[in-house]
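The lines below spell out each chain.
Protein chains: 2
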Amino acid sequence: MSDLKRAYNFNPGPGVLPLEVLQEAQAELLNFKGTGMSVMEISHRSKEFEAVIQTAEADLRELLGIPSNYKVMFLQGGATLQFAMLPMNLRAAGASADYIVTGSWSKTAVKEAKKLGAVHLAANTEADGFNCIPASLDLDPKAAYLHFTSNETIHGVEYFSEPTPPAGVPLVCDTSSDFISRPIDVSKYAMLYAGAQKNAGPSGVTIVIIRDDMLERVPENLPVMLDYKTLAASGSLHNTPPSFAIYMVGLVFKWAKKLGGLAAVEKNNRAKANLVYGAIDESGGFYRGHAKPEARSLMNVPFRLPSEELEDTFAKDAKKENLIGLKGHRSVGGMRASIYNAMDLEGTQELVKFMKDFQKKNG
Amino acid sequence: MSDLKRAYNFNPGPGVLPLEVLQEAQAELLNFKGTGMSVMEISHRSKEFEAVIQTAEADLRELLGIPSNYKVMFLQGGATLQFAMLPMNLRAAGASADYIVTGSWSKTAVKEAKKLGAVHLAANTEADGFNCIPASLDLDPKAAYLHFTSNETIHGVEYFSEPTPPAGVPLVCDTSSDFISRPIDVSKYAMLYAGAQKNAGPSGVTIVIIRDDMLERVPENLPVMLDYKTLAASGSLHNTPPSFAIYMVGLVFKWAKKLGGLAAVEKNNRAKANLVYGAIDESGGFYRGHAKPEARSLMNVPFRLPSEELEDTFAKDAKKENLIGLKGHRSVGGMRASIYNAMDLEGTQELVKFMKDFQKKNG
Chain A
7 MSDLKRAYNF
17 NPGPGVLPLE
27 VLQEAQAELL
37 NFKGTGMSVM
47 EISHRSKEFE
57 AVIQTAEADL
67 RELLGIPSNY
77 KVMFLQGGAT
87 LQFAMLPMNL
97 RAAGASADYI
107 VTGSWSKTAV
117 KEAKKLGAVH
127 LAANTEADGF
137 NCIPASLDLD
147 PKAAYLHFTS
157 NETIHGVEYF
167 SEPTPPAGVP
177 LVCDTSSDFI
187 SRPIDVSKYA
197 MLYAGAQKNA
207 GPSGVTIVII
217 RDDMLERVPE
227 NLPVMLDYKT
237 LAASGSLHNT
247 PPSFAIYMVG
257 LVFKWAKKLG
267 GLAAVEKNNR
277 AKANLVYGAI
287 DESGGFYRGH
297 AKPEARSLMN
307 VPFRLPSEEL
317 EDTFAKDAKK
327 ENLIGLKGHR
337 SVGGMRASIY
347 NAMDLEGTQE
357 LVKFMKDFQK
367 KNG
Chain B
7 MSDLKRAYNF
17 NPGPGVLPLE
27 VLQEAQAELL
37 NFKGTGMSVM
47 EISHRSKEFE
57 AVIQTAEADL
67 RELLGIPSNY
77 KVMFLQGGAT
87 LQFAMLPMNL
97 RAAGASADYI
107 VTGSWSKTAV
117 KEAKKLGAVH
127 LAANTEADGF
137 NCIPASLDLD
147 PKAAYLHFTS
157 NETIHGVEYF
167 SEPTPPAGVP
177 LVCDTSSDFI
187 SRPIDVSKYA
197 MLYAGAQKNA
207 GPSGVTIVII
217 RDDMLERVPE
227 NLPVMLDYKT
237 LAASGSLHNT
247 PPSFAIYMVG
257 LVFKWAKKLG
267 GLAAVEKNNR
277 AKANLVYGAI
287 DESGGFYRGH
297 AKPEARSLMN
307 VPFRLPSEEL
317 EDTFAKDAKK
327 ENLIGLKGHR
337 SVGGMRASIY
347 NAMDLEGTQE
357 LVKFMKDFQK
367 KNG
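Chains as they are written, first to last, in this note's numbering: chain A, 7 to 369; chain B, 7 to 369.
Hints listed in this document are in silico derivations from the structure and should not be mistaken for laboratory results. It cannot be assumed that every hint is accurate.
When chains are identical, the list treats them as one kind, so a pair holds in a single copy or across two.
[Stated by the list, open to error] Distance condition first, Cα-Cα at most 25 angstroms in a straight line; then the derived SDA-like pairs of lysine to any residue:
1. Lys53 x Thr236
2. Lys235 x Val116
3. Lys326 x Thr41
4. Lys39 x Glu26
5. Lys120 x Ala99
6. Lys53 x Asp323
7. Lys367 x Leu281
8. Lys235 x Ser337
9. Lys273 x Arg188
10. Lys362 x Glu317
11. Lys121 x Glu222
12. Lys39 x Gln29
13. Lys322 x Gly42
14. Lys322 x Glu54
15. Lys113 x Arg51
16. Lys148 x Ala124
17. Lys117 x Leu221
18. Lys117 x Val224
19. Lys264 x Gly40
20. Lys263 x Glu26
21. Lys53 x Tyr76
22. Lys325 x Ser52
23. Lys120 x Ala239
24. Lys120 x Leu221
25. Lys326 x Leu36
26. Lys326 x Arg51
27. Lys39 x Asn328
28. Lys120 x Ser337
Working from the sequences, and respecting the hints, build out all of it.
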């Protein structure tokens with residue numbers, strides 16, 4: 007391990023994990039807690055795995071301050087499967103659900119929800135190129151729920167205070183790419199869901215947090231793997247769960263607690279984001295951020311350079327400096343720096359230094 | 007690592023993995039192929055991960071002899087989600103599908119399929135306590151497909167030659183617990199599926215092998231994560247796949263190839279099964295196997311002792327000898343030895359020695 011040179015990993019997800027989490031997983035990969043087995047080889051019904059999943063849940067409850075009338079589930083299929091499970095479970099036949107569209111992911115959520123029933127768009131910022139949070143909402147007071155995406159991974163726009171649904175309309179959030187990046191008030195939400203592979207762990211597990219009363223809406227006779235009620239009642243153990251991914255998110259939750267919890271995590275994230283946006287704002291237009299300043303994501307920073315040619319050179323030169331994963335999504339173009347929880351200040355400083363040097367050479 | 011004492015792991019799944027596979031994963035856990043990142047941290051769109059998933063598929067195609075007119079998918083949700091996806095995708099509205107019920111898993115497959123449409127039972131051995139393969143089938147010549155479970159993990163009954171559906175009726179198999187345990191003729195099947203966590207890797211990935219013509223049946227407007235056509239067309243990369251689990255099954259496929267392929271794997275498995283069933287048959291009735299001899303699974307050997315008290319003692323004493331996971335499923339009772347591909351002859355010999363010693367002391 008002595009020759010390990012860690013990349014500065016700005017991948018949008020799967021992305022960087024805390025080094026000490028990886029080291030812990032590596033150290034016990036062949037012998038989990040003295041069992042003589044890998045954590046991948048133990049039964050999901052064993053007391054050892056029960057401790058893994060229960061500790062992961064308890065630590066997440068502590069980190070996010072999840073009230074006791076919420077269930078936590080560790081599921082499979084990513085946020086994309088939740089796009090379908092959510093309306094299947096919480097939108098009654100004939101009812102309509104409200105969606106706020108602020109980027110590619112919320113747009114896809116709408117597409118999936120429409121396959122199964124009625125959707126009303128409370129707002130859609132596509133005409134603005136998905137660079138902002140909508141100024142006003144057209145809300146249906148009878149909506150089954152109001153859905154929004156707290157952070158758009160591709161467009162780099164983030165909600166810093168929740169939209170307010172009409173009285174009695176539950177608020178549902180896809181928080182995949184800013185999950186556990188800062189404190190939130192869970193009691194404002196009826197449901198939150200997140201693919202783990204940004205801030206919380208490797209891909210292959212999806213965390214769903216749901217208020218108990220929502221489970222009463224679940225219709226009879228859903229396929230069991232698509233049925234929140236059954237999955238919640240079983241403690242995510244109706245069938246064999248993705249054990250290793252759950253183990254890993256548990257280690258990440260422990261790490262976040264050790265850092266000082268989500269207030270400390272947010273402080274780090276704001277410091278890093280300030281560095282990158284600072285480099286953009288101080289570049290005199292050489293770097294142009296995609297999102298409007300007030301909607302700038304703390305997690306994903308998409309930005310453009312004066313030409314596509316320069317953008318290609320930027321990506322290539324960055325790679326030579328061990329700065330990985332900076333090419334933007336094709337739908338926005340240019341670059342994107344994803345600075346998730348596990349990206350440290352040092353890596354962010356390296357990026358900013360590179361941005362400044364690159365501008366000097368090419369500006 | 008020098009103090010590593012590996013357990014003899016007879017867990018029914020998640021279960022034992024090849025030691026050299028775990029060692030390889032451990033060695034490169036922090037630095038995958040010189041990237042400076044864990045395989046969990048690389049993008050699923052990177053050339054490095056493309057190589058992982060494409061090599062895994064190519065090795066599986068070679069191991070099983072999968073013809074080129076079949077797609078291979080690495081999905082999530084376990085066999086239990088396939089119980090629903092299969093009828094959603096391949097049974098047209100109003101059509102009926104045939105199911106052979108030989109144990110708990112095929113029974114659950116029927117339960118899920120019934121939620122979504124019509125099922126006809128071609129056979130059901132529950133009255134015999136799920137201890138056999140049915141002698142005859144009542145087949146619907148117009149069935150959307152004929153489904154069977156090649157190995158019942160809980161009841162330990164296994165099909166060694168496929169049931170023959172009527173002409174034109176596609177054969178579909180849940181092969182979760184005997185996947186890649188011996189050569190099969192894939193061309194007899196329209197679709198095969200398997201949760202990885204028995205023979206193929208850790209939990210969290212499900213392998214689906216489907217003949218191209220079946221994809222023409224997929225109805226429009228299914229949720230994208232439940233739509234075989236979209237998932238197959240995307241090469242399992244429609245959304246973020248369970249990267250680490252796919253990486254692990256890839257290592258297991260390489261290991262099986264190195265052993266000499268599935269003919270060699272079967273030879274090992276037969277030798278191990280002969281040892282355990284031999285110990286049962288030579289015990290003069292002290293140990294009683296659950297399955298009828300002609301249906302005895304090479305993978306899961308459920309057996310009873312003269313009393314529940316002795317069964318408890320057996321489990322406890324076995325654990326002291328480092329023989330883990332031998333308690334049977336509550337629905338069958340008694341003991342169960344799961345002797346998957348990665349259980350070696352030495353471990354099986356230790357079990358048989360223990361069985362003989364235990365009988366001497368308690369018989």
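**Prompt:** Tell me, which hint numbers fail for this structure?
**Reply:** Nothing - there is no hint that the structure violates, so all of them hold.
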